[in-house]
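Novice: Construct the entire structure; sequences and hints are all you get.
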Amino acid sequence: MSAAHWQHFEHEADIGVRGTGETLATAFEQAALAMSAIITDLSAINPAEAVTINCEETDNELLLADWLNALVFEMSTRKMLFSRFEVSIHNGQLAATARGEAIDIKRHQPAVEIKGATYTELAVYQSQGLWIAQCVVDV
Amino acid sequence: MDINKLQRVSDYQWRIEPADGMHVPGLIFASEALILAMDDKVYQQVSNVARLPGIVNASYAMPDAHWGYGFPIGGVAAFDPQQGGVISAGGVGFDISCGVRTLHTGLSLQQVLSKQQQLADALFDHIPAGLGSTGLIHLNSKEMDNMLRGGARWAVEQGFGEPADLERIEEHGCMQGADPAQISDFAKKRQKDEMGTLGSGNHYLEVQKVVDIYDETTARQFGLALNDIQISIHCGSRGLGHQIGTEFLKSMVVAAKGHGITLPDRELACAPINSKLGQSYLGAMRGAINCALANREIVTHLTRQAVKRIFPDTRLDLLYDVSHNTCKLEQHEVNGESKELYVHRKGATRAFGPGHPSLPAALRAAGQPVLIGGTMGTASYILAGTEKSMQMAYGSACHGAGRNMSRRQATRLWRGRNVMQELADRGILIRSPSLRGVAEEAPGAYKDVNDVVRAADQAGLARLVAKLEPLICIKG
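These protein sequence lines are chains A and B, in that order. Throughout the first sequence, residue numbering follows my numbering, covering 1 to 139 in sequence. Throughout the second sequence, residue numbering follows my numbering, covering 1 to 476 in sequence.
Be careful, since some hints might not be right.
[As the list claims (entries may be wrong)] Computed footprint of chain B on chain A; a stretch qualifies when at least three of its residues, placed anywhere within it, have a C-beta under 8 Å from a C-beta of chain B:
hint: 1; segment: 64–75
hint: 2; segment: 115–123
[As the list claims (entries may be wrong)] Think about it this way: if two alpha-carbon atoms lie no more than 20 Å apart in a straight line, the pair counts; the simulated EDC-like pairs of lysine to aspartate or glutamate are:
hint: 3; chain 1: B; residue 1: 250; chain 2: A; residue 2: 66
hint: 4; chain 1: B; residue 1: 257; chain 2: A; residue 2: 57
hint: 5; chain 1: B; residue 1: 250; chain 2: A; residue 2: 121
hint: 6; chain 1: B; residue 1: 257; chain 2: A; residue 2: 59
hint: 7; chain 1: B; residue 1: 41; chain 2: A; residue 2: 56
hint: 8; chain 1: A; residue 1: 106; chain 2: B; residue 2: 121
hint: 9; chain 1: A; residue 1: 106; chain 2: B; residue 2: 125
hint: 10; chain 1: B; residue 1: 41; chain 2: A; residue 2: 12
hint: 11; chain 1: B; residue 1: 257; chain 2: A; residue 2: 61
hint: 12; chain 1: A; residue 1: 79; chain 2: B; residue 2: 185
hint: 13; chain 1: B; residue 1: 189; chain 2: A; residue 2: 74
hint: 14; chain 1: B; residue 1: 250; chain 2: A; residue 2: 56
hint: 15; chain 1: B; residue 1: 339; chain 2: B; residue 2: 80
hint: 16; chain 1: B; residue 1: 192; chain 2: A; residue 2: 74
hint: 17; chain 1: B; residue 1: 250; chain 2: A; residue 2: 61
hint: 18; chain 1: B; residue 1: 41; chain 2: A; residue 2: 10
Don't read these hints as lab results, they were simulated from the structure. Note that CB positions come from ideal geometry on N, CA and C, so glycine has one too.
Specialist: Spelled out as structure tokens, the structure:
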């Protein structure tokens with residue numbers, strides 16, 4: 001069984017996202033899933049359309065914020081939601097494909113709009129052989 | 001919060017002694033009960049703000065202070081550019097100039113109750129709300145720049161709003177010094193279809209009735225009487241403000257070292273006011289303030305159209321429009337000397353006292369209206385700025401209730417449909433595109449706004465004028 005999973009953690013006004021995986025890239029994929037799950041149930045999003053995302057940043061923590069903020073930008077300007085992510089990271093270069101579909105307000109019942117990924121509780125580290133990537137997102 | 005770490009100045013004022021690099025003390029305005037309920041992170045964040053260069057007098061927290069990003073939400077701090085003072089993207093926040101405006105309707109309670117469903121449907125139908133909604137206005141790049149420079153004034157010139165509204169908006173509806181060239185194409189792209197949209201989360205439009213008057217004279221000056229029907233709108237600078245916040249937060253973190261600034265918390269990212277980056281942010285942030293002012297003006301225009309569909313002879317006059325997340329250049333007296341300071345208000349309302357030159361003639365004697373939003377099921381309040389507040393915290397007051405539990409906890413406790421039914425039983429109609437959104441915003445997920453405004457009044461930050469309760473709530 002894969003160790004990859006995501007979770008939300010508490011913040012008084014907003015919500016934290018945490019991705020865990022065997023690689024840095026998997027942890028980033030899982031953090032992105034956690035962020036989509038703030039908006040709606042992941043199972044309701046059909047991963048039909050692919051969007052390519054690239055970011056560059058040598059600091060892993062700033063890279064996580066950049067990655068999530070790039071997704072926020074794509075969701076906002078394309079009016080899409082994403083439920084599947086394939087990420088690769090090499091020497092601070094992140095290349096990813098996010099798959100999803102156009103927002104359908106009736107079907108997705110989007111709970112909130114995400115304003116941005118913040119640097120609060122921002123951390124990317126290894127623990128017991130697993131990568132953890134987390135931050136609080138402002139909604 | 002551990003009350004033993006604070007020094008009690010009075011029943012409503014608590015002091016954090018400067019320690020470990022704090023340039024000034026922290027001052028929290030709250031009742032003992034509110035202090036005890038506050039997160040320890042507020043203590044940490046108030047102290048951290050006091051460590052930033054060029055801070056003047058104190059790092060303040062309002063009665064609704066809670067754990068924010070770098071700055072506490074409900075934080076106020078002023079910086080002196082002559083003393084190496086800074087401007088902080090985190091100190092303004094992501095939703096730049098998010099704020100509240102309140103309109104008079106002139107409708108009677110009986111009129112509204114007789115057509116409550118129709119009015120709720122008309123408002124929900126007319127005002128784009130929630131994630132994925134787009135406005136009716138689509139801006140090309142020239143119009144975008146005009147909007148960013150002109151704010152609500154631009155909206156009125158375009159026919160979205162009325163000229164009389166402008167004097168009842170901070171900065172008379174147009175923040176000077178906005179520089180669209182400092183705003184990225186990404187931010188502009190995020191905004192081009194979003195003008196005149198409410199947004200989501202805690203943003204709303206409410207039809208409210210005045211249920212209590214605490215100060216007859218000021219209420220009369222504000223045009224408020226018992227059972228009057230008001231409409232309040234809470235929204236901000238939408239995608240543009242969020243994107244500017246995101247981008248400058250990173251630029252300021254990366255540049256901090258070069259500016260010789262050690263950040264106690266990355267989210268406190270800031271730059272000297274007199275630096276290229278500081279000035280660039282200032283120009284961009286002022287553009288975002290104008291975006292928020294234009295947005296609330298357009299939403300007001302749509303509200304007027306919707307109300308006229310049900311009540312054709314209605315005129316909606318603006319009482320006032322306040323912004324919560326801003327940094328503004330203001331004149332304040334410091335140790336008997338008048339100074340120009342950059343005042344950050346993060347989740348705090350400007351609350352200028354009587355006689356302030358920036359207030360319109362009709363409101364000058366009373367002081368600035370301070371509009372405090374509640375939740376779907378609870379009250380909102382209107383207060384007035386005081387002379388004392390000008391001395392206490394640069395003329396600032398609280399901004400709302402603040403959450404007392406996370407969104408996730410709220411969805412475990414409530415279902416959207418039940419929340420809507422319970423509120424309907426109490427005479428409050430909810431319209432929202434998202435049932436889960438309604439559950440996350442359930443009234444029980446928020447602190448008691450009554451305690452917060454009472455503390456603001458008792459502390460002298462602002463004085464209570466009127467209490468309003470919702471009849472209709474359009475939730476984004």
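Novice: Next step is simple, just say for each hint if it's right about the structure.
Specialist: Outcome of the hint check:
1. 64–75: holds (count 5)
2. 115–123: holds (count 7)
3. B:250 to A:66: Distance ~9 Å between residue 250 (chain B) and residue 66 (chain A) Cα, so the pair holds.
4. B:257 to A:57: holds, 17 Å
5. B:250 to A:121: Distance ~15 Å between residue 250 (chain B) and residue 121 (chain A) Cα, so the pair holds.
6. B:257 to A:59: holds, 15 Å
7. B:41 to A:56: Since the Cα atoms of residue 41 (chain B) and residue 56 (chain A) sit roughly 32 Å apart, the hinted pair is violated (cutoff 20 Å).
8. A:106 to B:121: Satisfied, since the Cα-Cα distance of roughly 17 Å is no more than 20 Å.
9. A:106 to B:125: holds, 14 Å
10. B:41 to A:12: holds, 10 Å
11. B:257 to A:61: Since the Cα atoms of residue 257 (chain B) and residue 61 (chain A) sit roughly 17 Å apart, the hinted pair holds (cutoff 20 Å).
12. A:79 to B:185: Distance ~17 Å between residue 79 (chain A) and residue 185 (chain B) Cα, so the pair holds.
13. B:189 to A:74: Holds, at roughly 10 Å.
14. B:250 to A:56: OK: residue 250 (chain B) and residue 56 (chain A) at ~13 Å, within 20 Å.
15. B:339 to B:80: Answer holds: residue 339 (chain B) to residue 80 (chain B) is near 8 Å, not above 20 Å.
16. B:192 to A:74: Status holds; Cα separation ~14 Å.
17. B:250 to A:61: holds, 11 Å
18. B:41 to A:10: This hinted pair holds, its Cα atoms lying about 13 Å apart.
Consistency with the previously given hints fails for number 7 only.
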